[in-house]
Amino acid sequence: MPAPTVRIRPADRADIGDIIDIDAEATGLRKVDYWHELFARYGSARGRQQRFFLVALRDERIVGFIVGETRDWEFGSPPCGWVFGISVRRTERESGVASQLLAAICEDFRRTGVTKVRTLLARDDHLVMAFFRSQDMMAAPFIALERDLTE
Amino acid sequence: MRLQKNTSIALCSILEAASDPARQVVAADVAEKYGVSVHHLAKVLRQLGRVGLLESARGVGGGYRFVGNARRVTLLDVVELFEDVGARPAEGATREAATDEGRGIARVLAEIDETAKAVLGSITIATMLRIVARERASHAPPR
Numbered sequence: 001m002p003a004p005t006v007r008i009r010p011a012d013r014a015d016i017g018d019i020i021d022i023d024a025e026a027t028g029l030r031k032v033d034y035w036h037e038l039f040a041r042y043g044s045a046r047g048r049q050q051r052f053f054l055v056a057l058r059d060e061r062i063v064g065f066i067v068g069e070t071r072d073w074e075f076g077s078p079p080c081g082w083v084f085g086i087s088v089r090r091t092e093r094e095s096g097v098a099s100q101l102l103a104a105i106c107e108d109f110r111r112t113g114v115t116k117v118r119t120l121l122a123r124d125d126h127l128v129m130a131f132f133r134s135q136d137m138m139a140a141p142f143i144a145l146e147r148d149l150t151e
Numbered sequence: 001m002r003l004q005k006n007t008s009i010a011l012c013s014i015l016e017a018a019s020d021p022a023r024q025v026v027a028a029d030v031a032e033k034y035g036v037s038v039h040h041l042a043k044v045l046r047q048l049g050r051v052g053l054l055e056s057a058r059g060v061g062g063g064y065r066f067v068g069n070a071r072r073v074t075l076l077d078v079v080e081l082f083e084d085v086g087a088r089p090a091e092g093a094t095r096e097a098a099t100d101e102g103r104g105i106a107r108v109l110a111e112i113d114e115t116a117k118a119v120l121g122s123i124t125i126a127t128m129l130r131i132v133a134r135e136r137a138s139h140a141p142p143r
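Chains as they are written, first to last, in the numbering used here: chain A, 1 to 151; chain B, 1 to 143.
So here's chain B without its partners, still in its complex pose (with noise of 0.2 Å):
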């Protein structure tokens, strides 16, 4: 499974914020970690703030602090505000999608998709914190 690039920045931008939320996070150096631009990532961050999930610091430098409730808000809950998870056409939408065959791989394909929403909502934002401090843990460099 591969995510959209807004979904993605998305994630990071959470997770970024998320790991204090006490800390204002510039918007800047986040775009500059991710390379994405300042632009692209303000239509993102505005995004996560409409649904409540980041607020936005006025001022000289302009950051964001992450307002969720980190326990209880999952990956999924994020990636389904920029995509839709398992979407697929409609049956007759195309003239594959009519047919046996057509129907056949959709029905795999659909197992595979119930499977990506279980594990993005299975995620929180407090345990993918823990996995990512797991990752910088094992990718720190000896002592």
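Excised from the complex, chain A in its bound form (with noise of 0.2 Å):
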């Protein structure tokens, strides 16, 4: 059965507040700065030609959104497109809205030149990993690295 589609648009300051909600809800933590400051960097007019900040809505409510912008030649890379956040709401889940949403930005992406979307998560988030899985993603040629800076 086909998913019954949302429509996305870019992000709008007003939205904010659903935004930070749809975040909460996933991680459990409500971080207004941080996402205030987001939307001043992504949401904005300012920068928008690699910077794509967008949220779904079904019947006009906000169901889910996704950030990510256009990089050039990060950690020797050629440009591509890296998506740092997404997130649906718990009830909406399931019915193709971050399928919608990455596609979308997936396009955007390619509207910059690029050919490949990457993105990064936390090994034992296995929900939103299957989730990219699932949207034919592999794992990219890299291998993410830190140390503790208090050893």
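For the record, the hints were derived by calculation from the structure and aren't laboratory data.
Some hints could be false.
[Claimed, not checked] Taking lysine to any residue pairs in the SDA-like style, the calculated list, with each CA pair at most 25 Å apart, reads:
# : chain 1 : residue 1 : chain 2 : residue 2
1 : B       : Lys117    : A       : Arg118
2 : B       : Lys117    : A       : Leu120
3 : A       : Lys116    : B       : Arg130
4 : B       : Lys117    : A       : Asp124
5 : B       : Lys5      : B       : Ala87
6 : B       : Lys117    : A       : Asp148
7 : B       : Lys117    : A       : Thr119
8 : A       : Lys116    : B       : Ala87
Since the model is a prediction, treat every value here as computed from it, not as a measurement.
Since each chain comes alone in its own frame, lean on the hints to assemble the complex.
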């Protein structure tokens, strides 16, 4: 059965409250300052050509969002699209909302001239990783490393 | 990473059945395709049946159907029925494991195991069927 469609448009300042709610539902944290700052960088007209902050609406209610940008030569990689935030209201999951958001941002990435999309996930976040896997994403030729600075 | 024979057969059996859940897959056909004995396969199928992934069908030929949720069951769910991903000897179990060198090596191997678990735990049966379909398309003879 085809997924019911949602309307996808660029995020608006008035959407930030819903976005904070959706993120808090998934993470348990209300990151008010973070989302306002992110909107200032990604949702405003400035720098829009390579930065994308989209929301999905069903019956004019925001049910999900996605954030990403085209980054040039990061980690030595030719320009590619990066998705670094995606979430869908719990009650709207498994109805294709995230798939449609990802498809929309990939279309935006294509318009910037790139041919790849990447993301970075917590290794134990199996649910979100399973979503990206279901969208035909495979392991990228990179390994994320970190070091404890208190050592 | 190498999978044990039973694990590999279990995954292949599930993919065969999940590719068309309405179809009854004949165990003998699967055994023939993957080069295992029907007896060996039957033991694997019983295990998959016990956890509710397969349902056996009685009658002539005897077959089975996939009855799990292909969008939720992951490769790790299946693999862990047959083997412990990343099982390592406990510290102190061997003289080597109790040394700084042994512990250092174990730390690196644990990193590999964690990555393997993340990969297996993020690929659902539905996703795996898509990967199989891509393989099939890329190896199809040109028309």
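Hints, verified against the model:
1. Lys117(B) - Arg118(A): Given that 25 Å is the threshold and the Cα spacing comes to 20 Å, the pair holds.
2. Lys117(B) - Leu120(A): The given pair, whose Cα atoms are some 16 Å apart, holds under the 25 Å limit.
3. Lys116(A) - Arg130(B): Distance ~19 Å between Lys116(A) and Arg130(B) Cα, so the pair holds.
4. Lys117(B) - Asp124(A): holds (9 Å)
5. Lys5(B) - Ala87(B): holds (17 Å)
6. Lys117(B) - Asp148(A): holds (23 Å)
7. Lys117(B) - Thr119(A): Holds, at roughly 19 Å.
8. Lys116(A) - Ala87(B): Answer violated: Lys116(A) to Ala87(B) is near 36 Å, above 25 Å.
Hint compliance for this structure: hint 8 is the single one not met.
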